[in-house]
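Asks: Chain A is fixed; fit chain B onto it per the hints.
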Amino acid sequence: MASNGIRDRVAVVAMGCTTFGEHWGRSAEDLLVDATGECLSSGDLTSDQIDAYWLGTMASGMSGLTLSKPLALEYRPVTRVENFCATGSEAFRNACYAVASGAYDVAMAVGVEKLKDSGYSGLVRPQIASDGTSADLTLTAPAAFSMLDPAYCAKYGVDPGTFREAMTHIAWKNHCNGARNPRAQFRKAIPKEKIAASPLVAGRLGVLDCSGVSDGAAAAVIVRAEDAHRWTDRPMYVKGLSLVAGPGSGALDPGYDWTTFPEVVASATDAYRQAGIDDPARQIHLAEVHDCFTPTELVLMEDLGFCGRGEAVKHVLDGAFDLDGRLPVNPDGGLKSFGHPVGASGLRMLFECWLQFRGEAGDRQLPDPRVGLTHNLGGRPGSCVSFVSVVGKDLSEEAA
Amino acid sequence: MTLGIVSYGVHLPVHRLALSEVAAAFGSGSGRGRRVVAAFDEDSTTMAVAAARGLVPDRSVESLWFATTSPAYAEKTNAAAVHAALGLGEETFAVDVAGAVRSGEGALRAAAGSGGLAVLADVRVGRPGSADESQAADGAAAFRFGPSAQALAVPVARACATAELLDRWRLPSELTASQWEERFGLDSYAPLVAATAGRALADAGLASADLVVVSSPHTRVAADALARLGGADALPMGNAGAADVGIRLADALDRAQPGNTILVVSVSDGVVATVWRATDRIDAARPAVSVRQLLAAGRDVPYPTYLTWRGLLEREAPRRPEPERPAAPPSARNLDWKFAFVGSRCDKCGFLHLPPQRVCASCRTVDVMSAAPLTEAIGSVVTFTVDRLAYSLSPPVICAVIDFDGGGRCLLELADAEPAEVVVGARVGLTFRRLWTTGNVHNYFWKAALLGGESVGQ
Numbered sequence: 069m070a071s072n073g074i075r076d077r078v079a080v081v082a083m084g085c086t087t088f089g090e091h092w093g094r095s096a097e098d099l100l101v102d103a104t105g106e107c108l109s110s111g112d113l114t115s116d117q118i119d120a121y122w123l124g125t126m127a128s129g130m131s132g133l134t135l136s137k138p139l140a141l142e143y144r145p146v147t148r149v150e151n152f153c154a155t156g157s158e159a160f161r162n163a164c165y166a167v168a169s170g171a172y173d174v175a176m177a178v179g180v181e182k183l184k185d186s187g188y189s190g191l192v193r194p195q196i197a198s199d200g201t202s203a204d205l206t207l208t209a210p211a212a213f214s215m216l217d218p219a220y221c222a223k224y225g226v227d228p229g230t231f232r233e234a235m236t237h238i239a240w241k242n243h244c245n246g247a248r249n250p251r252a253q254f255r256k257a258i259p260k261e262k263i264a265a266s267p268l269v270a271g272r273l274g275v276l277d278c279s280g281v282s283d284g285a286a287a288a289v290i291v292r293a294e295d296a297h298r299w300t301d302r303p304m305y306v307k308g309l310s311l312v313a314g315p316g317s318g319a320l321d322p323g324y325d326w327t328t329f330p331e332v333v334a335s336a337t338d339a340y341r342q343a344g345i346d347d348p349a350r351q352i353h354l355a356e357v358h359d360c361f362t363p364t365e366l367v368l369m370e371d372l373g374f375c376g377r378g379e380a381v382k383h384v385l386d387g388a389f390d391l392d393g394r395l396p397v398n399p400d401g402g403l404k405s406f407g408h409p410v411g412a413s414g415l416r417m418l419f420e421c422w423l424q425f426r427g428e429a430g431d432r433q434l435p436d437p438r439v440g441l442t443h444n445l446g447g448r449p450g451s452c453v454s455f456v457s458v459v460g461k462d463l464s465e466e467a468a
Numbered sequence: 477m478t479l480g481i482v483s484y485g486v487h488l489p490v491h492r493l494a495l496s497e498v499a500a501a502f503g504s505g506s507g508r509g510r511r512v513v514a515a516f517d518e519d520s521t522t523m524a525v526a527a528a529r530g531l532v533p534d535r536s537v538e539s540l541w542f543a544t545t546s547p548a549y550a551e552k553t554n555a556a557a558v559h560a561a562l563g564l565g566e567e568t569f570a571v572d573v574a575g576a577v578r579s580g581e582g583a584l585r586a587a588a589g590s591g592g593l594a595v596l597a598d599v600r601v602g603r604p605g606s607a608d609e610s611q612a613a614d615g616a617a618a619f620r621f622g623p624s625a626q627a628l629a630v631p632v633a634r635a636c637a638t639a640e641l642l643d644r645w646r647l648p649s650e651l652t653a654s655q656w657e658e659r660f661g662l663d664s665y666a667p668l669v670a671a672t673a674g675r676a677l678a679d680a681g682l683a684s685a686d687l688v689v690v691s692s693p694h695t696r697v698a699a700d701a702l703a704r705l706g707g708a709d710a711l712p713m714g715n716a717g718a719a720d721v722g723i724r725l726a727d728a729l730d731r732a733q734p735g736n737t738i739l740v741v742s743v744s745d746g747v748v749a750t751v752w753r754a755t756d757r758i759d760a761a762r763p764a765v766s767v768r769q770l771l772a773a774g775r776d777v778p779y780p781t782y783l784t785w786r787g788l789l790e791r792e793a794p795r796r797p798e799p800e801r802p803a804a805p806p807s808a809r810n811l812d813w814k815f816a817f818v819g820s821r822c823d824k825c826g827f828l829h830l831p832p833q834r835v836c837a838s839c840r841t842v843d844v845m846s847a848a849p850l851t852e853a854i855g856s857v858v859t860f861t862v863d864r865l866a867y868s869l870s871p872p873v874i875c876a877v878i879d880f881d882g883g884g885r886c887l888l889e890l891a892d893a894e895p896a897e898v899v900v901g902a903r904v905g906l907t908f909r910r911l912w913t914t915g916n917v918h919n920y921f922w923k924a925a926l927l928g929g930e931s932v933g934q
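Which chain is which? The protein sequence lines are A and B, in order.
If you read the first sequence in my numbering, its first letter stands for residue 69, the second for the next number, and so on.
If you read the second sequence in my numbering, its first letter stands for residue 477, the second for the next number, and so on.
For reference, chain A alone in the conformation it holds in the complex:
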């Protein structure tokens, strides 16, 4: 893939993020006002300093008016984007490219989702008129991701009980991390026994193997890297951004084995190349990944190159990705603790990198992380979009 990248050409200078949760009393508009308000004030900005907006939402509003009306914007460009669970990340990517192109000096990426008003548990997506033959029409997301489990165990000869322990460890770890995060939906550590015994939802996934459904919003202001210090003395630099949409052939192609996300491998490879990373397991200091379901995070450890193929179960159980492990994964608690307001999640991940680089992560602060990764995937095993960003605390030497 011939992507040129925009390494170190733009920087994040302000961010905001609401608490994620069941906001029965607040609308999508309220969440947008809150997230953008916190974002602006964190950088001592006002809305008339923002030249253009990219709004990510999957199903909580259509068109730029979703943002311009509640914020009473003064006739500014607002682009609404949607790319399943990578929607918030996609808003960020587009805002970064707009600034890097020189088209705008200051852009804001905003993500929002209001899911709890639907009355349904789990994500509900608008359906397109169809012939009714796709199993995806009935199959729920936890069921689709649960199919990783038997396939992985069969391919690598992993004992199902051991795989179950690794799933449990991932949920346990992310809840422990989220318990230290005042913005998380679930702020309690959960004993492993309770996770392992939670009521079955799909396959061997229990309720506690699934991320929750929540409402939330998050925002970021992006400027040219050389302008960053006009707004803050601690900016976050963008090193690499990659998004790919797969051909969706996993459900069609017997060559796909249901133990990997080829889209993640492709987007990670691209983002690493842009960012100059050749050994992600060592060069990345924290990762926020798309732990929609526990087997997803497990497989991602291999797809993102944090460990070798077939090794994730061992590394997970050894604590390699715990808060005090060699590569902390989802230090903020992940989707598991935050729930998953689709349009906001990608920006919430970037927000954790922002806090960690600035030393503002409180009880879960890592010792001097300098390079972070965020990752989303939207869709299902074998048919998804994947986004990977690499962000950093410092400009690289050639850029500085």
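Keep in mind that the hints are not guaranteed to be accurate.
Said to hold, decoys possible - Per label pair, the in silico range of CB-to-CB distance:
#: 1; chain 1: A; residue 1: Asp295; chain 2: B; residue 2: Ala808; range: 54 to 60 Å
#: 2; chain 1: A; residue 1: Ser131; chain 2: B; residue 2: Phe502; range: 27 to 33 Å
#: 3; chain 1: B; residue 1: Glu650; chain 2: A; residue 2: Gly229; range: 40 to 46 Å
#: 4; chain 1: B; residue 1: Thr841; chain 2: A; residue 2: Tyr224; range: 33 to 39 Å
#: 5; chain 1: B; residue 1: Thr638; chain 2: A; residue 2: Arg193; range: 33 to 39 Å
#: 6; chain 1: B; residue 1: Thr478; chain 2: A; residue 2: Ile196; range: 51 to 57 Å
#: 7; chain 1: A; residue 1: Ile196; chain 2: B; residue 2: Arg508; range: 41 to 47 Å
#: 8; chain 1: A; residue 1: Pro194; chain 2: B; residue 2: Leu651; range: 32 to 38 Å
#: 9; chain 1: B; residue 1: Glu897; chain 2: A; residue 2: Leu434; range: 46 to 52 Å
It is worth saying that the hints were derived from the structure and are not from the lab.
No residue lacks a Cβ here, since even glycine has one placed at the ideal position from N, Cα and C.
Replies: Then chain B, alone, in the frame of chain A:
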């Protein structure tokens, strides 16, 4: 040219309702035996496909006559869906002979006259706890007619009588039927049975037939006629409505020796009596599994589940939106895929696509594909899930990724399966089912079924 039956097939659903459960629930009934029950995703149309598939391997037949008292649609021709699922050409005339139990005889007669395909299928519903509920059965039978030189049985004589009686009836809007006092029906039909069967036998030059089959939704009439006509070893199954005469004829064909005569008497709104003679071809032309073997198999379904399947018990739905109804234009565009499971094979590299694609997933060649019908294909489970959250009339939904022998992968629901039975590597075939019904539209498509189960076609 005389026409005869050249092939036949029967579908009996795998599920059984233990009548002891009904007796326990209502404190009534004998509590003995089990009745055959269509699954929640079966209806007269899907069972018709199950019985008829395999009878038209050349995908060409003069006509298709579909009889049922439980049509999935009114106004719309259900035979057209059966026609589509069998992959028949559009030049084949297909029509419903729907509404009455007697329609089963109508379909047989029409197909016998034209060298066509008669398909009889029914879902029989009685009020909970009623005799109609326990003495009924769901199922389907199909018969292909052709030149007598190729036939396994030929008609020798036929006689009929038509009688307008307020004997059994049902308003089109109702699920269950009513019946007049039993002795009225018995006294009205008995002389007609004797006279009509007598005429048929006389025309055939016979004093009696080797095998006697009686079909009637009126239980006492059926028992009385069978006794009078000397029938023995009747099929131990409740009445299957419009499909009943077909399933019983198929059972007789299962048991007939070459040269045997079979007297088939159906009693409903009159009497139809037909004498058949089995030919030398019968031993070679039977289906691999007999009606009695199908009947003896099966698994019990809990009574509340059965009532839910038939719409007699409304249970709490999962907290999920119902799937949308299938839309007409994409269903029409994708007719061969949706109804006949026809994929596309890349002419350049051979990659098989399910559903059909325009751009090859393997070599990216565009629009160089050939049709690949796969309904008879066998495959293996790659991975699977038991979805306890998905919307279904009968949760949990089991879904599996299937790789077919010879190429092609598809994610499909599993029919008639229990979660504990499914493993990676399990072997499956295909079965035509109704996925769901929303907005008064039935969503028909194929599911996978574990091999070894009875639901996979002949």
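Asks: For each hint, tell me whether it holds in the structure or not.
Replies: Against the structure, the hints come out as follows:
no. : hint                            : result
1   : A:Asp295 / B:Ala808: 54 to 60 Å : holds, 57 Å
2   : A:Ser131 / B:Phe502: 27 to 33 Å : violated, 59 Å
3   : B:Glu650 / A:Gly229: 40 to 46 Å : violated, 54 Å
4   : B:Thr841 / A:Tyr224: 33 to 39 Å : holds, 34 Å
5   : B:Thr638 / A:Arg193: 33 to 39 Å : violated, 57 Å
6   : B:Thr478 / A:Ile196: 51 to 57 Å : holds, 54 Å
7   : A:Ile196 / B:Arg508: 41 to 47 Å : violated, 51 Å
8   : A:Pro194 / B:Leu651: 32 to 38 Å : holds, 34 Å
9   : B:Glu897 / A:Leu434: 46 to 52 Å : holds, 48 Å
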